[in-house]
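So the protein sequences, as listed, match chains A and B.
Sequential numbering of the first sequence, starting at 1, is according to my numbering.
Sequential numbering of the second sequence, starting at 1001, is according to my numbering.
Just so you know, the hints here were simulated from the structure itself, not pulled from any lab data.
The beta carbon of each residue, even a glycine, is placed where N, CA and C say it ideally should be.
Be a bit skeptical, because a hint or two may be false.
List of simulated lysine-lysine pairs, DSS-like, C-alpha gap at most 27 Å [stated by the list, open to error]:
(1) K1245/B / K144/A
(2) K1290/B / K144/A
(3) K1294/B / K144/A
(4) K144/A / K1285/B
(5) K1066/B / K1329/B
What follows is a list of derived Cβ distance ranges for each label pair [claimed, not checked]:
(6) E1073/B / I51/A: 29 to 37 Å
(7) G1272/B / P105/A: 41 to 49 Å
(8) I51/A / G1217/B: 46 to 54 Å
(9) K1227/B / D66/A: 22 to 30 Å
(10) P67/A / A1141/B: 20 to 28 Å
(11) G1292/B / R125/A: 38 to 46 Å
(12) E1179/B / I51/A: 53 to 61 Å
(13) L1082/B / L239/A: 21 to 29 Å
(14) A68/A / T1117/B: 25 to 33 Å
(15) K1142/B / L302/A: 56 to 64 Å
(16) A68/A / D1261/B: 29 to 37 Å
(17) T1117/B / V296/A: 46 to 54 Å
(18) D1261/B / Q228/A: 48 to 56 Å
(19) G1217/B / I102/A: 44 to 52 Å
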Amino acid sequence: MTTLLERPEVTKAEPAVVASRRRAGLRRELLGLLFLAPALLVFGLFSWWPIVRGLLISFQETNLVDPAVWVGLENFQAVLTDPLVGTAMTNTLLFVGLGLVIGFPAPIVLAAVMSTVRRFAGVYRVVVYLPVVVPPVVAILLWKWFYDPGSGLFNQLLGLIGLGPYPWLQSPHTAMLSLVLEATWAGMGGAALIYLAAMTGVPAELYEAAESDGAGIWRRIWHVLLPQLRPVIGLLLLLQLIGTIQVFTEPYIFTQGGPDDATLTVLLLIFRYAFQDGRYGQAAALSVLLALVLAVLSAVYLRLTRSWSTK
Amino acid sequence: MATPMRVRAALVAAATGLALTGCAGLTPAKDDAGTDVVLRVQGMPAPTDSAALAQFNRLVQDFQAKNPGITIEGSENRWDPLTFSAKLAGKTIEDVIQVPLTEPQGLIARKHVQPITEQLKQWTHYQEFNPQVLQPLSDGAKQVYGVPQAPFAQGLVYNRKLFTQAGLDPDKPPATWDEVRAAAKQISAKTGKAGFVHESKGNTGGWQLTMLTYTHGGSMETEQDGKVVAAVNDPATKQSLELLKAMRWTDNSMGQNQLMDQDDVVKQFAAGQVGMFMGTPGTYKLAKTKFGMKSTADYGVTSLPQAGGNATLGGAEVFMVPASVPKEKVDAAVKWLLFAQAEAQYEPTVAAERAKELAKDPKAAVGVPTLPMFSTAQQQKIDAAIKPYVNVELEHFRPWLEGTPKLTLKPEPPLAAQKLYTILDTVVQSVLTKKDANVDALLTKAQADADKMLAAEQK
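Go ahead and model the full structure; you've got the sequences and the hints to work with.
Structure, rendered in structure tokens:
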């Protein structure tokens, strides 16, 4: 009875409670928005607005001082008929490809070796990660000296075993390879530590079970380690693809696109359009095209991230 | 709970406020109701160049005393392609910018700078400006866009010590390109250093190929039916490239390093690794203040060697006023430029006073010759006035001083010079890095690319 008698009272009180809850919810949301406001403002000003502005400029002719003129798809047409765009795309793909062949397996191998080290493991990790904390410009200037065809470290060392001298950055045939070697050295520390963490997370029982089934070292790597690392490998692969497609610092500081345009990448060409030639519209158009390619890669990345996190 | 919430809300509001005020700081300084002009000027020397900085500060004080209502704010910035466009668009660029000699025509064409002819004309000595010096800073309508500093003509810089070591007479530098080739070969053979180097990076390859072509009697652009077209595929350019190819691959006299810009070359020169390169007397200042060259003992410069062209390329470091600067500041900017730059190159007493101040610092290079910014007679008065304070061996600049007046001073290509240099950079790099480079094929392609680029510029 008590329950039955109380029920109507509860029903009468409901609108007030609901309203109060709504108000509390609204307050929470407003407070949340208030907390978000600085971040939204900063992102809006320095990330989203430039993106929107870039998109608009890709359809305009502007010198950034006088009022911009809408030119439709003219900038895209100019970019797509510029023979240098083809050269830049080929070079960028070469950098990406060489990065995959040389730069991608290097941290896996490094992590595998480091995972077997028992003494001074921390020291090795610091040494491996050190290149990542060296400022890129400093690292590149250092490697520029390594690559000096006359007195450079590499030619001096190779000379000791009767090899070289090689032109490194001075030849269109070896310049891109030289850039990839430096980029690999500079970037593999971070990836190696991520692989190392993933490797140490592989349950020892799996190895033991494989070993008791008679699996040797290579079968253990192939059938136990690599499948366990697959999600990490997939992600780092995509991150590397996105990163290497946007390569700029190395060709800009090492060679400025030379020799003979052999290291002219898409981003360097965008830079030339905008900051050397003042063709801001075309620079923005090429950036939009590059962004489209990266968006596709990012979509794949997001998909993999989702499937990884649900595993 | 309410109190911490309020505290948090206050913190958020404060952070938002900070972000907003931070953004407000991005807006440029404004005149106080039009009464006081604050002029932000590039060209202030770095603290490492203490003598020049002290002189700059004194100039600011003197100028402000003479021009009440104008406040000068010095900036160490120089023209920087990475930040210039953004600063211009955001109207945060300085009111006076210092640009290298390769940039004025591009800036004028893109309307990034504004004409200052009217203000300059109010100066008593405007008509006495050397027209050759103002030409690269002017547009087709004869509007002037800048005030030059230390105008120059390209020459051949050489290392006197390496000349001596190679058995060459440093007082008789090469006058023709055949002589340069022979000297470079000798320097390389006897000393193991690069006999001659040619820049090839960041548009400097195209720039130097242009001056080399001038000496062979060619030019990079010409007019056809009222339109500018490329003249790249020309016997003069071909001879220039064949010369480089022969020196690089037949004589092996250009060293191993090829991808270099001016800083790279001057750095190597200051370190005694380079025999000769195309440059100006002003490169001594760079070699001394930036790359530690001790004195002019090993430094020599002569007029640009010739192969039938009897011409050289002129230029200058230039001060300009960006297009975004409001009208009321332009007058003040030109006043400052005339005071800080032009007067010292016109008035002997002012020149002497500044040279005396600079000479107090042993790191400063005083008396490095330039082309006359006004008449030759006026320049002689300046030279005589600063003579007691000169700390460079003028004898080592004499071949340049004597040879240059005999040459025609040619400006840079009139239309889109930088874009043309980008195209030519690739040509120079090919010749210097590929033994089997086909000069004819390279020039045919460069001509087509340049014509296409120039046509687009004149649409």
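| said: When the structure is checked against the list of hints, which entries are broken? Sort them ascending. | reply: none
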